[in-house]
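Enquirer: Protein sequences, first through last, are from chains Y and W. So that you can map any letter, position 65 of the first sequence is 919 in the numbering used here, and since no number is skipped, the others follow by simple counting. So that you can map any letter, position 124 of the second sequence is 978 in the numbering used here, and since no number is skipped, the others follow by simple counting.
Think of the hints as simulated: they come from the structure by calculation, not from any bench. Beta carbons are placed, not taken as given, at the ideal position from N, Cα and C, and that holds for glycine. Treat the hints with care, since some could be wrong.
Label pairs and their calculated CB-CB ranges [what the hints assert, rightly or not]:
1) W:E882 x Y:F928: 29 to 35 Å
2) Y:E956 x W:K907: 35 to 41 Å
3) Y:F928 x W:K894: 35 to 41 Å
A partial selection of chain Y residues facing chain W, derived with a Cβ cut-off under 10 Å [claimed, not checked]:
4) Q926
5) L934
6) S970
7) K989
8) E993
9) L994
10) I1002
11) N1004
12) V1006
13) Q1008
14) M1010
Letter by letter, the chains look like this.
2 protein chains.
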Amino acid sequence: MENINEILSLDSDENTRHFSKGDTLQREGENCSKAFFVKKGLLRSYTIDDKGKEHIFMFAPEGWVIADIESQEFNQPAKLFIDCVEESEVIILDRSLLIRSELNIDQLKNNVNLLSRRVAVLQRRVIMLMSASAKDRYELFLETYPKIPNRVPQRMIASYLGITPQALSTIRGEITRKNKTIL
Amino acid sequence: MENINEILSLDSDENTRHFSKGDTLQREGENCSKAFFVKKGLLRSYTIDDKGKEHIFMFAPEGWVIADIESQEFNQPAKLFIDCVEESEVIILDRSLLIRSELNIDQLKNNVNLLSRRVAVLQRRVIMLMSASAKDRYELFLETYPKIPNRVPQRMIASYLGITPQALSTIRGEITRKNKTIL
DNA sequence: CCTATGCATTCATGTAGATTAACAAATCAC
DNA sequence: GTGATTTGTTAATCTACATGAATGCATAGG
């Protein structure tokens, strides 16, 4: 849900808040009627499975919106944790932002496009998870999010890719070793 | 994208077409500006990877809409094949159906809700693919789509779950064996 | 009706990635 | 600055699932 300036303008006067690295904005089990626009910094959303293992669902750098749409849509308590990977400035939006009554036709169409884009990104992610090897997934991640890797610890990238930090480390080792032999 | 009666009413006069089991409505590489509303029957969308292996992205039974939103959104040729699992009646819709100019505010809000629902379903699928074992994924599939399993060959269910037909067969064997010992 | 092709199941073997553990480097707390 | 905790790397072992092949059934087409 990138480039959401349209919607944002409606809320820029509302409460912008400042958070430190590691602060949690939403916990599993809470009621979650909020969405978070990232003005500055980097947030992430993730689940923790029954074995206590984290699975990162998405990263949200500057200009992105992050929320637990599944739980909101089905009126369930939150399944996702949302917290800060970096010190961040966040505008807290209401869940209704996408269909609030003040919106005009053009703004609604814009929202339809934003959601279509989000569906498209998720479609790509599902197909990737089903058909690509760990190495391919890592390389696709680097292409898709060229600016994020150096801001995020390896273990979180591994978690986003659905593999262990050890496996990612091995893959990175292979890639740099291959590049050395080429150079 | 279930229960799309709102949108449908706009197009019910357009060309409804009849297809046989196995007929292909869209191929990889084609320009894909269409979406398909399933009036009767069952469609599926899938990719074929570089090793020639099918990966089913979704099933669309009666009342659902199916389309390659990713490719449409990024203006690329289709990544997905779409074909008929059963004999089907399909209304062919234009890609612009979600933001076409005749739509009023309520219809647009309805579209926002439909897309939110789709995002929610995909969120669930991504989390499942990342964190659940093959057996858990199969059981979740049975819960989520209780009506589909008996209409779809095992190998397609396996493909949807991201495992081989052999692995699914083993899992099914385990489940029925366990149920027998309980009874 | 009979043959051919596809489908589900089972088993034997292979492999990507998980798990466990050990260690060095970086970061944090005080 | 110093000890403690977190992070990234490497290596040895383990396991879930893939791959490949054989077999019995079903469905389709002549």
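Enquirer: Now tell me, hint by hint, if it's right for this structure.
Expert: Structure-based check of all given hints:
1. Checked against the hint of 29 to 35 Å, the C-beta distance between E882 (chain W) and F928 (chain Y) comes to roughly 33 Å, which is consistent with it.
2. In this structure the supplied range 35 to 41 Å is violated for E956 (chain Y) paired with K907 (chain W), their Cβ-Cβ distance being about 49 Å.
3. Checked against the hint of 35 to 41 Å, the pair F928 (chain Y) and K894 (chain W) fails, with Cβ atoms roughly 27 Å apart.
4. Restraint check, Q926 (chain Y) versus chain W: the minimum CB separation of about 8 Å is within 10 Å; hint holds.
5. Because the beta carbon of L934 (chain Y) sits about 8 Å from the nearest beta carbon in chain W, less than 10 Å, this interface hint is met.
6. Satisfaction of the interface hint for S970 (chain Y) is found here, the shortest Cβ-Cβ separation to chain W being roughly 5 Å, below the 10 Å cut-off.
7. Taking 10 Å as the C-beta cut-off, the interface hint given for K989 (chain Y) is violated, the closest approach to chain W being about 14 Å.
8. Here the hint on E993 (chain Y) is broken, as its CB sits about 14 Å from the closest CB of chain W, past 10 Å.
9. With its C-beta approaching chain W no nearer than about 13 Å, L994 (chain Y) sits outside the 10 Å limit, and its interface hint is violated.
10. A cut of 10 Å between beta carbons decides the hint on I1002 (chain Y): the least distance to chain W is about 17 Å, and the hint is violated.
11. The interface hint given for N1004 (chain Y) is violated, since its Cβ lies 23 Å from the closest Cβ of chain W, which is over the 10 Å cut-off.
12. Using the Cβ-Cβ criterion of 10 Å, the hint placing V1006 (chain Y) at the interface with chain W is not satisfied: the shortest such distance is roughly 17 Å.
13. For Q1008 (chain Y), the interface hint is violated, the least distance from its beta-carbon to any beta-carbon of chain W being 17 Å, above 10 Å.
14. Restraint check, M1010 (chain Y) versus chain W: the minimum CB separation of about 13 Å is more than 10 Å; hint violated.
This entry does not satisfy hints 2, 3, 7, 8, 9, 10, 11, 12, 13 and 14, going by the numbered hints stated previously.
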